[in-house]
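Given the coordinates of chain G, work out where chain L should sit on it, guided by the hints.
Protein chains in written order, with the working numbering: chain G, 1 to 561; chain L, 1 to 752.
Careful, some of the hints might be misleading.
What the hints assert, rightly or not - If the Cβ cut is set under 8 Å, some of the chain L residues that face chain G in the computed set are:
1. P213
2. A242
3. E245
4. A396
5. L452
6. P456
7. H459
8. D465
9. V488
10. S490
11. S491
12. Y535
To be verified - With a straight-line Cα cutoff of 20 Å, these simulated DMTMM-like cross-link-like pairs (lysine to aspartate or glutamate) come out:
13. L:K283 / G:D11
14. G:K12 / L:D487
15. L:K283 / L:D319
16. L:K283 / G:D191
17. G:K12 / L:E489
18. G:K12 / L:E286
19. G:K12 / L:E258
Calculated from the structure, these hints are not laboratory results.
Just so you know, even glycine gets a beta-carbon here, dropped at the ideal spot from N, CA and C.
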Amino acid sequence: MSDGPLIVQSDKTLLLEVDHPLARDCRAAIAPFAELERSPEHVHTYRVTPLALWNARAAGHDAEQVVDALVRYSRYPVPHALLVDVADTMDRFGRLTLANDPLHGLVLTTSDRAVLEEVIRSKRVAPMLGARIDQDTVVVHPSERGRLKQALLKVGWPAEDLAGYVDGQAHPIELDQAGWHLRDYQQEAVDGFWAGGSGVVVLPCGAGKTLVGAAAMAEAKATTLILVTNTVAGRQWKRELIARTSLTEEEIGEYSGERKEIRPVTIATYQVITTRRKGEYRHLDLFDAQDWGLIVYDEVHLLPAPIFRLTADLQSRRRLGLTATLVREDGREDDVFSLIGPKRYDAPWRDIEAQGYIAPAECIEVRVALDDEERMTYAVAEPEERYRIAATASSKLPVIRRVLERHPDEQKLVIGAYLDQLDELGRALDAPVIQGSTTNREREKLFDAFRAGEVKTLVVSKVANFSIDLPEAAVAVQVSGTFGSRQEEAQRLGRVLRPKADGRQAHFYTVVSRDTLDAEYAAHRQRFLAEQGYAYTIVDAADLAGPGEVGGPDWVDEPAD
Amino acid sequence: MSSPAPATLASWLRTRSDEQLGALLAARPDVARPAPSDVVALASRLAVPVSVDRALDELDAATLQVLDVVLLADTDGVDAADLPAALPEVPDEVLAAAVDQLTTRALLWGDDVLHAPEPVRRAVRYPAGLGRRAVELRLTLPADLPVALAELPAEEREVLERLAGDRPVGHLPDTDGPGSSPARRLLQRGLLARIDALNVELPREIGLLLRGPRPFGPPRVRPEPPGLERDPAVVDRQAAGAAMEAIGRVGELLTLLEEEPAGLLRSGGVGVRDQKRLARTLKVPEPEAAWLLELAFAAGLLDVGGPHRDEWLPTRTFDLWREQELPDRWATLAAGWLAAVRLPSLAGQRDVAGKAVNALSPDLVRHTAPAIRRSALSALAEYPPGCGVAPDDLVALLRWRTPRRADRLAPVPDLLAEAARLGIVVGGVLSAGGRGLLATGEDGAATGMRGLLPDPVDHVLAQPDLSLVAPGPLVAELADTLAVVADVESSGGATVFRVSEGSVRRALDAGWSATDLHDFFTRASRTPVPQALDYLVDDVARQHGRLRVGAIESYVRSDDHGLLSQVLNDRRTAAAELRRLAPGVLVSGLGADEVLTVLREAGYAPAGESPGGTVLTRPPARPRAAGRRPGGSAPQAPRPLTGDELAATVREVRAGDAALAARRGEAVRQVPGVTTAGTLELLTRAVREGVPVWLGYVDAQGSGSQRVVQPVSLAGGFLQGYDERRGESRTFAVHRITSVALVEDDDLAPSS
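Okay, chain G solo, but in the shape it has when bound (with noise of 0.2 Å):
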């Protein structure tokens, strides 16, 4: 029997061992087809899906080499019909390809005429298919190239596209790389989605996303259209092409809801190009007002179902997707991979911080006794309200100055949900408060100022979560949030994940009211942030003001009892 680091499980879920000596090799091997579920400090989880399948022979990797993967390094014996499961899933991607036929346009062809008979068959997919020209192959007309991609996975033959792409209008971009050049796994990720066409590079919060998207723009080397959460990430988008490409201001117009140029590179938010007037989506003409040779969609897993629609007819150009994650809460996994594409790069965030791009973290959960009064308001409270009620319960005051005073030199950020409380704090801590009804202009002023030094605290609500850029806060203090999702977790854990200029390390508080709702919630926190491989460490609020340990922002060992 071999002793290898790999055990692989009935539900294809294989567990790595990660103290084993081959455990990298291993992980080399296996990433290809397996997804990273959980990487916590001993066994890490990877799951093989029909996608991340699918995404591994998109990528060029056969089933001989993943079933070789499984059997040399798993340390027992992986039951035949596992491995049989695999090659099959693995044989059914590419029995279809969408092809450019000189005479015909596009074309489905197979080479397994069965598989061909079966999907004609299928009443999903008939509607999408034209004229049989011969008995391997059927017109496709233009128009459904995204839509029949989706169906075709949806019954289990996804269809490899190499029916190309447009050009779109030549534009002159160049990366400026004076001071600062791509880091390798930045190069690697643009080098795998140019090679693949289309696709969706995977990778976590602060390890330069944004970087990848102006590089691939370098490559394309024509009309962009960048689509972005929202008006805030779209403008430090903009920022960083001025700052990294060839790109000047004039030639990056911002597509919101305030303003309304299309320029060479158009940034546009998703919730612009959803807006519905009378039933109607109003700015889809953005999609035609380029010839448009790369589409960029920021944070792919947040990216709302209009958006699909809409996509599902942009097949004939470039698309290159970033995100974090390619957990889906909604489970449209299967749609980013039929319309945008497959996986094309995936690094795992443990890896790239120990090369140091991104912060280390150490996540710290205080435990706040509510005092009586609070108690008895949250145990008659209705059950909509107990969360609210404690989660913001006013013991927790107290706590987060607390916490704040351990790191009086570092930029902090306290993170809330309800506006009571955030407002509450702002007055308690004497720190200016960012929510949704704050302006943009107000917002950058902020976010300026925070930059500089010259605000030591924010007090923020969600809006926060998403794509703004606070290089320097190296401490965030979460005290309430939106039931524990994950979603929200990496969000909320990017933000002080980014490099800090000396290498110091990040801390993530979490202020939770003990044997509450908030607790529970806490809970989902706590696992999801163990499953990414942070260190995890519960303190009881008293304890957090041992004598001696107040005001030292490099604390990280055994409270004092």
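Here is chain L on its own, set in the frame of chain G:
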């Protein structure tokens, strides 16, 4: 040889050597016990139809084809030297081996000239797949048969060609009208014979004509399927993978049943709801759950138990089993499966009534199952290690080997799939464990798997996300404990457990203390216990048991705490068994009326209290019996007879009448239950000559009837025939026939 050739089977047997007779008895052991008194007795035992059938069933297709040559010969007896001419494409050594097999088993006799005994002729219904002679089928074929056939339209010709293949009997299509289908038109032309209401038979002459130069069909030599060849080491490793999976799954299944047994259905078996529940919890498809249940049952690890014997529970054997080494556990499963008389693959399929068969139901019993399994696997075992054949090819090979049992081979593909799930077979190749199992049973199986399956581990890895990873199969004791304190999240080579609030609470409910849990995690985990886990245990423990629940019958309450203390300390109220639960409340295990009585007798003035807290002033309602509801259901009237039932009754009466009236030859009467030679002789004659017979018959319900029947066949104690008056084709048990007589020709002409 100087002496003249023996004239009968008995006299030929006399000429056989002792070794040859020994070989005969070994090959047909059913005739050997009890020992036959002499050669004549032996010969008559060899003629018993059941024995002949059994002997024929064991022959392969090539041997049967040689037998066909002898059976089809015009003369009684075929010179052995003429065989190669009859089957020119069959190699000589195959012929010689076949003749040797047949004579050894006394299915043919004679040294140079081979004779077929009469029972063998009768047992082979369609030699070489040819029908009976036209005469026997009472057909008059056209004088120039080749011309008649050449004139046939393509459709009809196609039907004939098909019947000239392996089976001369075919089903009539369900269309009405005499000329509506090719087969019916052929019937009209007299080229096919009708043998009953549904089936037709092709006369031998036409079959032979259509076959042309190959009267015995294509040579039935052993098929040589393309062999599969794989690295034996790889095969064994993959088999071990399947084995681990099976062992793990069965273990999990039985642990689940231990916690919540599955109910026994009245019809036997496990209910669909229980099966769904198990499948859901095990995260497997439902058919897989059925298979695991069957496997556990076959291995004796699961059976009916419980206080009312109405639950499926793990057996005591399971407790021993889970302590064993993995190879031994596997051997128990594999051996149990091999010997099981049930076909798990039938579970979930619909029976004739259209009802799905439940797992573990008695309907899955097939007594032939072990023999089929063994013969299929033995065929694979003939290949060297690492070699095998694909399932379809194996079925073809088995069909050649025992063509007369081909109908039994239907479950073989499913059986092979099961063997693959167990790790006995991997992709058509027998694993070392499988070989061992076939050769020496359980011990061999365990030996074959030894070294391939890991040793159980006695530790887990605790992780900060509150999961515990057991990096291999667990020792039984640790598995038991973990089942209490954690939930299984994924299983396979390893097991991932998750500790949650719920699981910790379950452990506390089961009597663990927080300290016990901390100790257990520290002891069981090889990695440091994460802080979060300790916190979780303490959090749950802190909340646990803050609410207490107990049972009482009544309470005494008062705002006057002094009065309650007085009552509690009053010796006269001791009979009320009161104790103080909280200030202001006393409780008792006795009923409220008893406590009231005791308190009143002690001189207090208590008042009863309703659940709402109001004082009960009225005496409780007087006791009354629950009366019967007026207007019970009316007795049901007998169901009126339907038109069909009336008609059938009339037809029965008329048929009996007519049979009585039919002039007949001298009847052979018999005592019911004793089949006399006379009856059989008369019936045989009737079948051969195709004359109708008059029957006195007692059916299974004991009612007698008399009928005129056109006999079709007589075999195995059953007479098949067509009852013209009743217009039905049916089967009569010979032992129920009370009298029989031939009907004279002229009786049939005047019909009513």
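How the hints compare with the structure:
For L:P213, the shortest C-beta to C-beta distance to chain G is roughly 39 Å, which exceeds 8 Å, and the interface hint is violated. Hint on L:A242 holds. Least Cβ distance to chain G is approximately 5 Å, under the 8 Å limit. At about 5 Å, the closest approach between the beta carbon of L:E245 and any beta carbon in chain G falls short of 8 Å, and the interface hint on this residue holds. For L:A396, the shortest C-beta to C-beta distance to chain G is roughly 23 Å, which exceeds 8 Å, and the interface hint is violated.
Annotation: interface hint on L:L452 holds; nearest CB of chain G at approximately 6 Å, less than 8 Å. Here the hint on L:P456 is broken, as its CB sits about 12 Å from the closest CB of chain G, past 8 Å. Interface hint at L:H459: violated, since its Cβ lies 12 Å from the closest Cβ of chain G, which is beyond the 8 Å cut-off. Look at L:D465: its Cβ gets to within about 4 Å of chain G, closer than 8 Å, so that hint holds up.
Hint on L:V488 is violated. Least Cβ distance to chain G is approximately 11 Å, over the 8 Å limit. The beta carbon of L:S490 comes within 5 Å of a beta carbon in chain G, closer than 8 Å, and the hint placing it at the interface holds. The restraint placing L:S491 at the interface with chain G holds, with a minimum CB-CB distance near 6 Å, inside the 8 Å limit. About 5 Å separates the beta-carbon of L:Y535 from the nearest beta-carbon of chain G, less than 8 Å, and the hint is met.
Pair hint L:K283 plus G:D11 holds up; C-alpha atoms about 8 Å apart against a cutoff of 20 Å. At most 20 Å may separate the alpha-carbon atoms for a hinted pair to count; G:K12 and L:D487 meet this at roughly 18 Å. A hinted pair counts as satisfied when its Cα atoms are at most 20 Å apart, and L:K283 with L:D319 does not qualify at roughly 24 Å. About 40 Å separates the Cα atoms of L:K283 and G:D191, which puts this hinted pair outside 20 Å; it is violated.
The straight-line distance between the Cα atoms of G:K12 and L:E489 is roughly 12 Å, inside the 20 Å bound, and the hint therefore holds. Note on G:K12 and L:E286: the hinted pairing holds, with a Cα-Cα distance of about 18 Å set against a maximum of 20 Å. For a cut-off of 20 Å, the pair hint linking G:K12 to L:E258 is broken: about 27 Å separates their Cα positions.
When the structure is compared with the earlier hints, violations turn up for hints 1, 4, 6, 7, 9, 15, 16, 19 and for no others.
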